[in-house]
Amino acid sequence: MVKIGHIELPDFPLLLAPMEDVSDPPFRALCKEQGADVVYTEFISSEGLIRDAAKSVMKLDIYEKERPVGIQIFGANLESMLQTIDIVEKSNPDIIDINFGCPVKKVVSKGAGAGILKDVCLMEQLTAEMVKRTNIPITVKTRLGWDHDSIKIVEVAERLQDVGCKAIAIHGRTRAQMYKGHADWKPIAEVKNNPRMHIPVFGNGDVDSPERAMEMRDVYGLDGCMIGRATIGNPWFFKQVKHFFKTGEHLEPVSLEERVEAARRHLQMAIDWKGEKLGVFETRRHYTNYFKGIPNFKEYRMKMVTSDESKDVFAAFDEVLDAFSDYQFV
11 MVKIGHIELP DFPLLLAPME DVSDPPFRAL CKEQGADVVY TEFISSEGLI RDAAKSVMKL
71 DIYEKERPVG IQIFGANLES MLQTIDIVEK SNPDIIDINF GCPVKKVVSK GAGAGILKDV
131 CLMEQLTAEM VKRTNIPITV KTRLGWDHDS IKIVEVAERL QDVGCKAIAI HGRTRAQMYK
191 GHADWKPIAE VKNNPRMHIP VFGNGDVDSP ERAMEMRDVY GLDGCMIGRA TIGNPWFFKQ
251 VKHFFKTGEH LEPVSLEERV EAARRHLQMA IDWKGEKLGV FETRRHYTNY FKGIPNFKEY
311 RMKMVTSDES KDVFAAFDEV LDAFSDYQFV
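Here our numbering is used: the sequence shown runs in plain steps of one and ends on residue 340.
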């Protein structure tokens with residue numbers, strides 16, 4: 011059993027990573043149904059929340075069926091982050107996660123996300139004060155370091171644990187790498203093998219197959235894995251990993267009918283939550299992956315990603331079922 015504070019999770023839990031414009035309630039619901047043990051919201055700006063920015067506030071929506079669910083926040087100003095804790099508590103999440111790892115320029119330029127990797131003392135101070143502010147478990151997601159020459163993740167993880175962080179998820183790249191190259195899990199294993207560490211250490215980065223998840227568990231000895239890009243348009247990934255762990259075999263490929271049904275439900279839930287316009291627009295990014303591998307699919311994909319009305323997208327799903335009824339995924 012793995013525990014985040016008082017939250018009990020199964021052995022080697024699978025966590026849905028917080029992903030901007032991806033990890034919204036409709037997508038989290040689909041992933042939860044397919045075996046995700048913990049799901050996280052999109053990351054939320056502390057400055058946006060305290061200014062009551064509509065987009066930031068909307069990201070606080072969580073639902074009972076998602077639990078345990080974490081709300082992830084980012085920022086570099088202590089007072090703003092503490093005010094954010096007070097706001098986030100009203101949504102009653104199971105976990106509050108601090109993003110110390112986002113590499114994008116608009117976040118880093120403000121000293122937040124991975125930008126804070128340049129100031130470990132500030133990381134420690136923010137974490138410590140946020141732990142004091144709430145009884146909800148505080149966790150951290152971060153990267154190995156700012157660049158290859160500044161990797162101090164073993165020390166960083168220990169310091170965050172010592173001020174009350176209840177779990178840490180580590181992406182196996184530096185900020186300088188962005189999402190290029192390969193994730194290096196060895197430093198994450200060094201964190202786990204530090205005899206002073208007693209909180210869960212989750213690995214993140216390049217878990218794109220059941221075999222890779224098993225490697226993270228059995229070779230690197232981590233407590234669980236946080237999975238991001240491999241789940242986009244593929245919420246079944248969690249189920250596939252768990253089946254492989256249990257049997258050593260791969261599940262049969264997801265059928266066309268299942269993919270269309272998931273895409274339909276995803277779009278409908280998005281419309282119910284965001285409204286017609288945003289629901290249609292923000293679900294487009296998933297369709298390429300839902301139907302990945304189908305030959306000569308461009309005509310149908312274009313209908314899905316250019317139609318502004320949901321009725322036209324739903325009609326495109328029907329066309330796909332008719333046109334590719336004999337197609338077998340491998």
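Hints listed in this document are in silico derivations from the structure and should not be mistaken for laboratory results. Treat the hints with care, since some could be wrong.
Straight-line alpha carbon distances no greater than 25 Å define the calculated DSS-like cross-link-like pairs of lysine-lysine that follow [stated by the list, open to error]:
1) 13 <-> 128
2) 287 <-> 256
3) 13 <-> 302
4) 196 <-> 162
5) 202 <-> 162
6) 128 <-> 115
7) 190 <-> 120
8) 321 <-> 308
9) 75 <-> 128
10) 252 <-> 287
11) 100 <-> 115
12) 65 <-> 13
13) 249 <-> 287
14) 65 <-> 128
15) 75 <-> 65
16) 13 <-> 120
17) 115 <-> 13
18) 142 <-> 13
19) 115 <-> 162
20) 120 <-> 202
21) 249 <-> 75
22) 75 <-> 116
23) 100 <-> 162
24) 196 <-> 252
25) 202 <-> 13
26) 252 <-> 13
27) 321 <-> 302
Q. For which of the previously enumerated hints does the structure constitute a violation, in increasing order of number?
A. 1, 2, 3, 9, 10, 11, 12, 13, 14, 16, 17, 20, 22 and 23
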